[in-house]
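Trainee: Position one of the sequence shown corresponds to residue 0 (numbering that gives the first Met the number 0), numbered consecutively onward.
The set of hints was computed from the structure by calculation and includes no laboratory data.
One should not assume that every hint holds.
[As the list claims (entries may be wrong)] List of simulated lysine to aspartate or glutamate pairs, DMTMM-like, C-alpha gap at most 20 angstroms:
id, residue 1, residue 2
1, K252, D297
2, K117, D477
3, K395, E435
4, K584, E435
Just so we're clear, the structure is a prediction, and the values are computed from it rather than from any experiment.
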Amino acid sequence: MQQESRNTIIFFGLAVVLLIVYQFFVMEPQTRKRQAELKAKQAEAAQAAAPAKIPDLPTARAGALSRAAALAESPRVPIQTTGQDKGKTVPVLSGSVNLKGGRIDDLQLDQYGQTVAKDSPRVDLLRPEGTANAWFAQFGWVGQNVVGLPDENTLWTLKSGQTLTDKTPIVLSYDNGAGLVFNRRISVDQHFMFTVTDSVTNTTGQPVAIQPYAAVRRAGLPPEAGKGQNVHEGAVGWLDKELRKQKYKAWKKKGQFDWTSQGGWLGITDKYWLTAIVPAQNETFSARYVSVNQGGRDIYAVDATGAAHTVAPGATFSDTTRLFAGAKKVQQLQAYQKALNIPNLDQAVDWGTLFFLTRPFFMALEFFYGLVGNFGLAILAVTLCVRIILFPLANKSYESMSKMKKLTEPMNKIKEQYKDDPAKMQQETMALYAREKVNPLLGCLPLALQIPVFLAFYKVLSTTIEMRHAPFFGFVKDLSARDPTNIWNLFGLLPFDPASVPLAGPFMAGALGLGVCVLLYGFTMWLTTAMNPPAPDPMQQRIFQLMPLLFTFIMAPFAVGLIIYWTFSNVLSIIQQYIIMHRLKVDNPIDDFIGRFRSKAV
């Protein structure tokens with residue numbers, strides 16, 4: 000019995016020893032191996048699902064370099080593209096690609112001058128870092144624990160192509176010396192769209208997870224910023240199925256905005272110009288608007304970072320991003336929107352809250368421009384169409400106003416008769432209106448109808464690139480600018496610039512600088528007011544008499560195209576009102592003037 004107990008104890012002892020040995024030498028290594036494999040998979044999954052790690056903004060230099068000095072700092076590949084304009088081949092873009100960082104940071108819009116002068120310098124859109132108002136686009140890769148990814152200091156090698164044109168792309172190459180080889184193919188069309196295809200070949204023997212990114216960055220603001228007449232300037236994009244806009248002031252105050260979007264675009268816009276990145280539309284990407292201050296200099300950037308992709312050993316992965324860099328020409332934006340499936344790209348143009356009027360007016364202007372070849376004439380044609388559409392309502396209004404003016408004498412008698420009984424005066428006045436079938440409220444209708452039309456025209460003229468530097472006739476060289484003539488130099492007859500007059504110059508060239516078109520507007524405004532019935536109150540009468548003068552000075556700084564619209568609209572109103580007043584035999588200033596002229600002639 001004792002022997003059996005001893006054998007049992009020995010058996011269990013050996014079993015425990017064997018179990019410990021098995022656990023230590025077999026199970027423990029397998030467990031560690033499985034845990035290591037699990038951690039590796041979790042790390043890879045976390046890397047794939049991690050939020051986009053966007054590169055920090057590069058430190059901005061003081062911006063004191065001249066353009067020539069900045070361009071000479073690194074090797075470059077020239078850009079020179081052409082397009083078609085009325086059957087002729089014309090230059091479109093010129094500049095260069097910076098091999099340091101592989102940036103597109105030097106771009107000139109050869110079709111657009113800085114002023115209306117024929118010898119005006121062309122518009123500089125993109126400028127290299129280190130210059131004043133630097134503005135550039137860059138592309139690359141990010142990845143957690145990936146060594147040797149190219150950055151803004153990487154010097155790329157030109158692999159193929161000598162000049163980037165609309166017919167010849169270029170290819171840049173970079174070998175990081177650690178098993179990753181990068182290629183960047185850049186092409187551009189005949190307008191403003193660049194296509195950047197980045198590829199990476201993995202020869203490390205280990206899988207690599209990386210994410211593509213693209214960015215548009217700006218150092219400081221251009222001198223003309225904020226002079227866009229209530230036009231949006233700053234960040235703009237179609238992200239997460241919504242238009243996302245941030246003006247520079249709010250952008251700087253908030254610092255950063257973040258979205259996740261499938262498809263869309265984002266960029267930085269001025270009044271007429273846009274630089275925007277368009278990621279692959281079938282993938283989800285992380286987007287941000289970010290603003291920082293470096294050494295007293297504000298830096299603004301928009302970034303898009305794509306999803307993580309694992310590149311297996313020996314494999315190559317490519318990502319394509321487009322860059323729009325040019326003028327916000329509506330037809331061209333809509334063409335890209337349709338051909339490349341870019342959602343709502345034409346909303347980079349600031350159509351405003353009255354977009355339901357602004358867009359149709361612009362389309363109408365484009366239509367008539369196609370017929371007459373002059374935007375000034377197109378404005379007159381659209382104004383005529385608007386007046387025709389509003390004719391029935393305006394006719395009733397002018398007829399009511401004419402009857403009101405005809406009732407001036409009976410109303411004065413009622414005021415005199417019941418001057419001590421306001422209630423009775425009001426009762427008799429309303430009875431007079433009822434007998435003569437007059438509605439005094441209809442008199443406000445023409446002005447009320449013109450206000451939204453005026454605002455829509457104002458938005459079109461101050462926003463669309465098509466109106467910029469669009470000439471009319473004679474001295475009107477730019478419909479989007481103010482009247483170029485000035486009463487203080489007799490509309491150009493005297494050889495001096497009113498703006499150069501000490502102290503008073505800003506006023507003589509500004510609010511007090513009345514031009515020919517503005518004075519014509521003021522005259523038509525006065526005549527329109529004179530044809531209206533007088534206000535019942537003497538104080539109101541004086542206010543209405545001063546309105547034409549006040550509006551003349553208010554309208555002086557506005558775009559001359561807007562002055563032309565309102566002047567022509569006033570002329571059409573005067574004609575319509577005169578015909579009605581003549582038919583109803585109501586006194587009017589035109590007949591009075593003709594009568595006095597005839598009496599003097601006799």
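Trainee: The structure should be examined with respect to each hint, and the outcome stated for every one.
Mentor: Do the hints match the structure? See the list:
The straight-line distance between the Cα atoms of K252 and D297 is roughly 11 angstroms, inside the 20 angstroms bound, and the hint therefore holds. At most 20 angstroms may separate the alpha-carbon atoms for a hinted pair to count; K117 and D477 meet this at roughly 13 angstroms. With a CA separation close to 14 angstroms, the supplied pair K395 and E435 stays within the 20 angstroms bound. A threshold of 20 angstroms between alpha carbons decides the hint, and for K584 with E435 the separation of about 15 angstroms falls inside it, so the pair holds.
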